[in-house]
Amino acid sequence: MRKKRKKIKGGEKTIKVTGLDKPKKLTNKEVEKNLVINFTGASGRGTSKIDNVFDSPLDSVEFEIKNDGYLKNDDNATIILDKEVISELNDNGYVLEDNFAPKFKVQHLDNVLKNAKDIANMKDITRMINEEVNRSYEDSHVEDSWGTRYEVKKETLMYRQFDKDTDSESSSYTMFDSSTTNGNLIGVFSIKEYSGGTESKLEDSYTAIVGFSNIIADDKNKVNVADMEALSDEKDDTYSLESVLKLYEGYGYEKVQE
429 MRKKRKKIKG GEKTIKVTGL DKPKKLTNKE VEKNLVINFT GASGRGTSKI DNVFDSPLDS
489 VEFEIKNDGY LKNDDNATII LDKEVISELN DNGYVLEDNF APKFKVQHLD NVLKNAKDIA
549 NMKDITRMIN EEVNRSYEDS HVEDSWGTRY EVKKETLMYR QFDKDTDSES SSYTMFDSST
609 TNGNLIGVFS IKEYSGGTES KLEDSYTAIV GFSNIIADDK NKVNVADMEA LSDEKDDTYS
669 LESVLKLYEG YGYEKVQE
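Be aware that the sequence shown starts at 429, since it is given in the numbering used here, and climbs by one per residue.
What the hints contain is simulated information worked out from the structure, not anything from laboratory work.
Please note that the accuracy of each hint is not assured.
As the list claims (entries may be wrong) - Result set (DMTMM-like, lysine to aspartate or glutamate): computed pairs, CA atoms no more than 20 angstroms apart in a straight line:
no.: 1; residue 1: Lys461; residue 2: Asp552
no.: 2; residue 1: Lys453; residue 2: Glu490
no.: 3; residue 1: Lys453; residue 2: Asp502
no.: 4; residue 1: Lys494; residue 2: Asp526
no.: 5; residue 1: Lys582; residue 2: Asp664
no.: 6; residue 1: Lys533; residue 2: Glu571
no.: 7; residue 1: Lys620; residue 2: Glu571
Said to hold, decoys possible - So the derived label-pair ranges between C-beta atoms look like this:
no.: 8; residue 1: Thr475; residue 2: Lys542; range: 43 to 51 angstroms
no.: 9; residue 1: Val481; residue 2: Glu440; range: 27 to 35 angstroms
no.: 10; residue 1: Asn549; residue 2: Lys494; range: 53 to 61 angstroms
no.: 11; residue 1: Lys683; residue 2: Val513; range: 44 to 52 angstroms
no.: 12; residue 1: Asn456; residue 2: Glu583; range: 49 to 57 angstroms
no.: 13; residue 1: Ser668; residue 2: Ser573; range: 28 to 36 angstroms
no.: 14; residue 1: Asn549; residue 2: Asp665; range: 34 to 42 angstroms
no.: 15; residue 1: Glu682; residue 2: Ser488; range: 23 to 31 angstroms
no.: 16; residue 1: Asp449; residue 2: Asn652; range: 53 to 61 angstroms
no.: 17; residue 1: Ser618; residue 2: Asn495; range: 15 to 23 angstroms
no.: 18; residue 1: Glu682; residue 2: Lys531; range: 31 to 39 angstroms
no.: 19; residue 1: Thr455; residue 2: Glu682; range: 43 to 51 angstroms
no.: 20; residue 1: Asp655; residue 2: Lys452; range: 46 to 54 angstroms
no.: 21; residue 1: Asn495; residue 2: Tyr679; range: 17 to 25 angstroms
Positions of the beta carbon are idealized from the N, C-alpha and C atoms, including for glycine.
Input sequences plus hints: build the corresponding full structure.
Below you can see the structure in the form of structure tokens.
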């Protein structure tokens, strides 16, 4: 005789899960305590260097700063984590506290002034540019036919606060390699080069660009000229003065009214 089968009633059944570890909460306070952050560069283009002093496994977490590369003095730099890092934290038994956004005060970045006219000792720097031009294009043995005489005309001054992100500026003639491309003041000069002797002839003409980078101001907008770095470039006569000026405007420079 066939046995009757019991019908299973539908519905939901609640099962209590036990034995799982409770996730640890990573807090703003812990992150602010266990990260050491140094800020470098110019205010407005500041970058961060993060040292992680957490114990394992948090010592391998890659913390990042929001807007890194564009930080300003007195900003509150915010720590961020990408989705992959958050997933790894979850795998290691961690969750982020609500409103997770550890912050660090940005400070000690260089003060690169937006406008050259605000430089307190601007006259000193322009004088140094003129002196450098005079040294570089000094007449030599003008009485002799093999000598050289220069005719130098200052066309304009130009200033750039920050390097452009896509800057492809290169120099065919560089007296000094600059370690920074922020805070640049240059003079643009038309140069005519003549032979010496009584029958002096025009031998060459070109445009010279002479100036300084790393023009960093103190809290009184005065620049320590000893910290500046020399810049120099030449454009041959295939470049008109107008094209040279347009080229440097493309690099982010603007004319300075003297």
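Earlier hints that do not hold, by number: 1, 3, 6, 8, 9, 10, 15 and 17
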